[in-house]
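There are 2 protein chains.
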Amino acid sequence: MGVVVSIDERKPPQASVQPLVDLTASDMRRVNQLILSKTGSEVEMIPEVAQHLIDSGGKRLRPMLTLSAAQMCGYEGEHHITLAASVEFMHTATLLHDDVVDESDMRRGKQAARMVWGNQASVLVGDFLLGQAFRMMVDAGSMEALDVLSTASTVIAEGEVLQLSAAQSMETTEDDYLTVIRSKTAALFSAAAEVGPILAGSNKPTRDAFRSYGINLGLAFQLVDDALDYGGSKASLGKNVGDDFYEGKITLPVLLAYRRGSEDERAYWREAMESNSSDAKALEKAMELLQKHNAIADTVERARHYGQIARDALAPLPASDHKQALLDVVEFCISRVN
Amino acid sequence: MGVVVSIDERKPPQASVQPLVDLTASDMRRVNQLILSKTGSEVEMIPEVAQHLIDSGGKRLRPMLTLSAAQMCGYEGEHHITLAASVEFMHTATLLHDDVVDESDMRRGKQAARMVWGNQASVLVGDFLLGQAFRMMVDAGSMEALDVLSTASTVIAEGEVLQLSAAQSMETTEDDYLTVIRSKTAALFSAAAEVGPILAGSNKPTRDAFRSYGINLGLAFQLVDDALDYGGSKASLGKNVGDDFYEGKITLPVLLAYRRGSEDERAYWREAMESNSSDAKALEKAMELLQKHNAIADTVERARHYGQIARDALAPLPASDHKQALLDVVEFCISRVN
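First to last, the sequence lines map onto chains P and U.
Per my numbering, the first sequence runs over residues 1 to 338.
Per my numbering, the second sequence runs over residues 1 to 338.
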C-alpha cells in the first residue's frame, strides 16, 4: 500500500485496533465502570436510554485515545479515567442528538434510541450526558483539559449546524465538506488525544503532536465512514448501506462523482440528493456512477493522505508500545473499507 | 398581603424588578455585549437563531442574580460578567431544547425558533450555546463555579426527563411536581445566585444563603408561571393562555383541582389531560373547575410560601441596596399574577 514507515517505528504498522485494546484494557474496565455509575439517575428513563447506546457496542476508540496518550506521556494519576469517560459521554450525547437531527432509524445495528423512547427523550438524555461529561471534567480538575474539551463541544455543534445549512447543496466544495467533518468528527478525536499529554503536563510540542494526530485520524476515520456508507455491509457497518444517500446527506464520494460527471449525471445527482423519495433503484444508479468515477476508492485515498499526516505527527515522539498501537489504529481506520 | 418583614430590611419590599435592573444596569450592558460576541460564528444560522431568542426580550433575571450576588458579596473582579453571560446561555439552550420537546409554537410572544428554522437547528444551536456557556465558565477560571453550574446543567436535564416520564400522570403527587420544578427551573436560579459569593470567596454560610435564596425564588417563580398559564393574558405572558393545558402538561393548579374534585371531575381531568384533542371549550371547563377549587389562588399561595423562605435565607446578610433589590424581586415574581 506504499505506506512510508518512519525510522523510529519498531515494526511496520498492522491494520488493527487490537494492540490499543490490549494496552488500555485494564483502564477501560475502570472507564466502563465509571460510565455505568454516571448514567445512574432516579429518573428511570435516563439509565435505560444511556444503557441502550452504551450496550450497542461502539469500539470506544475515543476514550482509548485519551488513555493511551496519557500513558504514553508518562501520566501516573487517575484522571485519565475520568476524562476518557467524559469523552465517551460527549460522543454519546452527540449520537443521541444526531439521530434526532438526521431522523435515523438505526444506530450501530440497533434501533436508534429515538425510535424506542422518542425524539424528546433523545434530546434530553443527550443533555443529561453532556452535563455529566462536564461534571467529570470538573472532577478531573484540569482547567486546560476543560478548555480543550469545552471548545470541542462548541466546534462539534457548529459543524453539525454547518452540515445542516450551507453544506447541503451539490455545489458544496470539498473544502466545505472538510470543514464539516473537521468540526463534527475530528474535533473530538483531537481533544480526546490532546487531554492525555495535558494531564501528564507534557510540553507544547508533545501536546501539538497529539492534537495533530487526533485531528488527522478523525478526518481519515470520517472519510472512510462516508465511503463505507456506499460500500460496507449492514453487519460490519451497524447501519444500512445507502443511509446517507436516502437522507440526502452530501458526502465526499457523491461530491467527487458529481464533479467528475457529465451534465446528465449531475442532473441525476441533484434530483436524487434533493428529493426525499430516493429508492433502491436510485441507489443502484448512484453506486454505478460512484464506481464509474472511482469516487469511493478516491475517498479512501484522501483518507490515506490524512492518515499519513497523523502518523507523521507522532514521528518525533519516542518509540513505545503505545506509539505503535496508535500508529496501528490509523491503518485500522483506513483499512476498514476492504 | 401579610408579608413578614425582617427587621434588618430598610423598607417593606416592593413588587418590582426595577431596583435590581437599575443596580445591575452597567454590568448588564457588558453581559449583553459578551452574549452578542459569543453567539458569533461563521455558520450563519447560529447567530440568526441565537439572536432570535436573545431579541425576544426575556427579563434576564438569572444573569442579574449572578451580578447582584457577586456585588453584594464585595466581588471586585470581572468574572461575574462572564458567568452571568454563561448562565443566560445555559437558560437559552434549555429554552431551545424545551420548545422541541414540548412542540411549542410560541416563545415569549414570538414564533418559537423551531417554527422558523426547524427542530434540527433548535437542537444543534442549543448544543452550541451550551458549549459556549462552558467555555465562558472556563474563562472565568473558578473550578467551584464550574462545579456548581455543570451540576445544575445535569439536574436541569434530569428534571426535564422526569417531567417527560413519571410526572405525566394525573396521579402525580405535589411532591413529584416539586421535584420536577426544583430541577428544571430552581436549579439554575440557585446556581446563578451561588456563583456570586463563590467568585467573591465568601464563607460557606453566605454561599448557602444565596443557594437557598435562589432555589426558593426559582420554585416561587415556576409556581406562579404555572398559575399564569391559566390566568395571564397572551401579552403579559408571551405565550398563550392554556398552553400547558393543550400540551397535557400537568402542573400544580391542575393537580390541586384534580385532588379536590369529585369522581366526575377527576374523570374529566384524566380525559382532558391525556387526550391530544383538547379544545377551547375543554379549556373553559378546566378554568371553571380551577376556579371552583381555588386552585390558581392556592398555587400562588404555595409560591408565597417559597418566596418567604427565599427572603429569610437572605435575612442574616447585612442590609444593602442589593439585598433590598433581591428581596423586591421575590415579591415581583409572586405578584406577576395579579
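If you are wondering where the hints come from, they were derived from the structure by calculation, not from laboratory data.
Predicted model only: the values in this text are computed from it and were never measured.
Do not take every clue at face value.
Simulated crosslink set (DMTMM-like; lysine to aspartate or glutamate; CA at most 25 Å straight-line) [claimed, not checked]:
1. U/K249 x P/E263
2. P/K204 x P/D312
3. P/K285 x P/D321
4. U/K59 x U/D243
5. P/K249 x U/D264
6. U/K110 x U/D264
7. U/K281 x U/D105
8. U/K281 x U/E247
9. U/K204 x P/D139
10. U/K249 x P/D139
11. P/K249 x U/E174
12. U/K285 x U/D312
13. U/K249 x U/D264
14. P/K204 x U/D139
15. P/K281 x P/E44
16. U/K249 x U/D279
17. U/K249 x P/D243
18. P/K249 x U/E42
19. P/K285 x P/D312
20. U/K204 x U/E103
21. U/K292 x U/E247
22. U/K292 x U/E174
23. U/K249 x U/E44
24. P/K281 x P/D102
Results of checking the hints against the structure:
A C-alpha spacing of about 54 Å is found between U/K249 and P/E263, which places the hinted pair above 25 Å, so the restraint is violated. For the hint linking P/K204 to P/D312, the alpha-carbon distance of about 17 Å falls within 25 Å, and the restraint holds. With a CA separation close to 46 Å, the supplied pair P/K285 and P/D321 exceeds the 25 Å bound. Using a Cα cut-off of 25 Å, the hinted pair U/K59 and U/D243 holds, with the two alpha carbons roughly 21 Å apart.
Note on P/K249 and U/D264: the hinted pairing is violated, with a Cα-Cα distance of about 53 Å set against a maximum of 25 Å. About 38 Å separates the Cα atoms of U/K110 and U/D264, which puts this hinted pair outside 25 Å; it is violated. For the hint pairing U/K281 with U/D105, the CA-to-CA distance comes to about 20 Å; that is within 25 Å, so the pair holds. Straight-line distance between C-alpha atoms of U/K281 and U/E247 comes to about 15 Å, which keeps the hinted pair within the 25 Å bound.
Our distance criterion of 25 Å between C-alpha atoms is met by U/K204 and P/D139, whose separation comes to about 20 Å. For a cut-off of 25 Å, the pair hint linking U/K249 to P/D139 is broken: about 36 Å separates their Cα positions. Note on P/K249 and U/E174: the hinted pairing is violated, with a Cα-Cα distance of about 47 Å set against a maximum of 25 Å. Distance restraint check for U/K285 and U/D312: the Cα-Cα separation of roughly 39 Å exceeds the 25 Å cut-off, and the hinted pair is therefore not satisfied.
A C-alpha spacing of about 20 Å is found between U/K249 and U/D264, which places the hinted pair at or below 25 Å, so the restraint holds. A threshold of 25 Å between alpha carbons decides the hint, and for P/K204 with U/D139 the separation of about 20 Å falls inside it, so the pair holds. Note on P/K281 and P/E44: the hinted pairing is violated, with a Cα-Cα distance of about 43 Å set against a maximum of 25 Å. Under the criterion of a C-alpha separation no larger than 25 Å, the hint pairing U/K249 with U/D279 is consistent with the structure, at around 15 Å.
Of the pairs offered as hints, the one joining U/K249 and P/D243 is violated, with about 36 Å between alpha carbons and a cut-off of 25 Å exceeded. Between P/K249 and U/E42, the direct Cα distance comes to roughly 21 Å. Compliance with the 25 Å bound is thereby established for this hinted pair. As the CA atoms of P/K285 and P/D312 are separated by approximately 39 Å, the hinted pair breaks the 25 Å bound. Simply put, U/K204 and U/E103 have alpha-carbon atoms about 41 Å apart, too far for the 25 Å limit, and the pair is violated.
A C-alpha spacing of about 22 Å is found between U/K292 and U/E247, which places the hinted pair at or below 25 Å, so the restraint holds. In summary, the hint linking U/K292 to U/E174 is supported, as the alpha carbons are separated by about 19 Å, within the 25 Å threshold. Simply put, U/K249 and U/E44 have alpha-carbon atoms about 34 Å apart, too far for the 25 Å limit, and the pair is violated. Note on P/K281 and P/D102: the hinted pairing holds, with a Cα-Cα distance of about 22 Å set against a maximum of 25 Å.
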